[in-house]
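> The chain contents come next:
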Amino acid sequence: MEGRPQKHLALILARELASQLASATFIADATGELVFYNERAEEILGRTFAEAGPMPPDEWAALFRLEDLEGQPLSLDRMPAAIALMEQRPAHANLWMTGLDGQRRLLSVTGVPLMASPTELVGMVAMFWQIPTADDD
Amino acid sequence: MPLHARIWGCRGSLPTPGEGTVRYGGNTPCVEITTPEGGLLILDAGTGIKRLGAGLEREGPLHVLLTHLHLDHVEGLRFFAPFWRPGVELHIWGPASPLHSLEERIARAFSPPLFPLELADTPASVTFHDVPHHTWEIEGIGVDAQPVSHPGPTVGYRLSVNGSSLAYIPDHEPVLGVEMASLEPEWISGHAIAADVDLLLHDCQFSESEYSSRVGWGHSSVAHAVEFAQRSDVRRLVLFHHDPDRTDAGVDGLVERARELWDGTSPVQPVAACEGMTLELP
Chain W
1 MEGRPQKHLA
11 LILARELASQ
21 LASATFIADA
31 TGELVFYNER
41 AEEILGRTFA
51 EAGPMPPDEW
61 AALFRLEDLE
71 GQPLSLDRMP
81 AAIALMEQRP
91 AHANLWMTGL
101 DGQRRLLSVT
111 GVPLMASPTE
121 LVGMVAMFWQ
131 IPTADDD
Chain P
1 MPLHARIWGC
11 RGSLPTPGEG
21 TVRYGGNTPC
31 VEITTPEGGL
41 LILDAGTGIK
51 RLGAGLEREG
61 PLHVLLTHLH
71 LDHVEGLRFF
81 APFWRPGVEL
91 HIWGPASPLH
101 SLEERIARAF
111 SPPLFPLELA
121 DTPASVTFHD
131 VPHHTWEIEG
141 IGVDAQPVSH
151 PGPTVGYRLS
161 VNGSSLAYIP
171 DHEPVLGVEM
181 ASLEPEWISG
191 HAIAADVDLL
201 LHDCQFSESE
211 YSSRVGWGHS
221 SVAHAVEFAQ
231 RSDVRRLVLF
241 HHDPDRTDAG
251 VDGLVERARE
261 LWDGTSPVQP
271 VAACEGMTLE
281 LP
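These protein sequence lines map, in sequence, to chains W and P.
At position 127 of the first sequence the residue is numbered 127 (my numbering), and the sequence of numbers has no breaks.
At position 139 of the second sequence the residue is numbered 139 (my numbering), and the sequence of numbers has no breaks.
Calculated directly from the structure, the hints in this document are not laboratory data.
Just so it is clear, the structure is predicted and the values come from calculations on it, not from any experiment.
One should not assume that every hint holds.
Said to hold, decoys possible - Here are some of the chain W residues that sit facing chain P, going by a computed Cβ distance under 10 Å: (1) GLN6; (2) LEU9; (3) GLN20; (4) ALA22; (5) VAL35; (6) ALA61; (7) SER75; (8) LEU76; (9) ASP77; (10) VAL112; (11) MET115.
In this text, a Cβ means the ideal position worked out from N, Cα and C, and glycines have one as well.
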């Protein structure tokens, strides 16, 4: 069976679910590679997934410039999505993100690990909402 | 002729005897796989396994590979004659579940009040196995199992011997709410199981119009089955898991539709499985 490895069924179903949702959703596999984000996430991140493509965690963490509420750069180990992957537990935070369209947005982000069994991490789903601020149009 | 398949049951959901189902049969899924060297595997234990077991006289261990534990795929196990013979060594393989062992899950249907006897009452020596994540060999046949999209823990099986291969995915909804054409192969449920096989036995429970009101039920329309087979570059597609409400004439109609949709990437036209059918792999 040649070609790229089959994605885990849980990731396939997560992508199908995300495709049906108006909630911004971002999916990574067990290595942290970004494997999909949906249309609402595209609006917030400022680039379609087709353009951005799959990318490893240090690349997406740098690309979507994340800051804490004090405006300080957010290290990978404080990002909800990364915590969910590295510590295999849900994590939540409000944070600032400057998308690829150059817009800075206040987001509420929740990351949840995808566990195929109690010991098998297959990936992570992060859902995020934009929090309205006084600067928004 | 490394692999030989015989269909003992190909009806989905519910055993369906009667004059309207005589040609394709009413027994629920069971496929016997043999090799010229005497290797034997049994895929699923629907009611078709009863007749298989009645004629089975064999020394040595028997292996039953379950795709999942919906009743139509396990209900024949209680009436599988080797189960009731002392000294028989029986191995039952199936998908793992996060919470309960395979034995515990099967025992639910194999115990009062659903059945008068307990699993522990069977005289055969029965061992339950969760299918591994890697290729393994049974009776000289290479076996791969991977999760496929269907409610509850469900796997598809790929069997390989000397370059010949067969994929068995009787219950499958390969895409949910997205177009298969928009997906890369690695994003299509079951693709790795079916890729480039000589023979694919695949779920074809619904017509295209029926499917529209049954999204998420875990089964394929004829269009799904054909598209999945073509995306997986299979050599021959055999439609399986006929709906219990579908008469023989109705199955004929699905075959006709499958052939209309078949784009000729393989010259071998799709057929529908029927009880007693035998399939030889090159």
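> It remains to establish, for every hint, whether it holds in the given structure.
Hint check results:
The interface hint given for GLN6 of chain W is met, as the beta carbon of that residue sits about 4 Å from the closest beta carbon of chain P, less than 10 Å. Hint status for LEU9 of chain W relative to chain P: holds, with the closest Cβ pair at about 4 Å, below 10 Å. Among the interface hints, the one on GLN20 of chain W holds; its C-beta lies about 5 Å from the nearest C-beta in chain P, closer than the 10 Å criterion. Look at ALA22 of chain W: its Cβ only gets to about 14 Å from chain P, farther than 10 Å, so that hint breaks.
Because the closest C-beta pair between VAL35 of chain W and chain P is about 9 Å apart, less than 10 Å, the hint holds. For ALA61 of chain W, the interface hint is violated, since its Cβ never comes within 10 Å of a Cβ in chain P; the closest pair sits about 24 Å apart. With a cut of 10 Å, the hint placing SER75 of chain W at the interface with chain P is violated, because the nearest CB-to-CB distance is about 31 Å. A distance limit of 10 Å between C-beta atoms decides the matter here; for LEU76 of chain W the minimum to chain P is near 26 Å, and the interface restraint is violated.
Taking 10 Å as the C-beta contact cut-off toward chain P, the hint placing ASP77 of chain W at the interface is violated, the least distance being around 28 Å. With a least beta-carbon distance of about 16 Å to chain P, the hint placing VAL112 of chain W at the interface is violated under the 10 Å criterion. At a threshold of 10 Å, the smallest CB-CB gap from MET115 of chain W to chain P is about 8 Å, leaving the interface hint in force.
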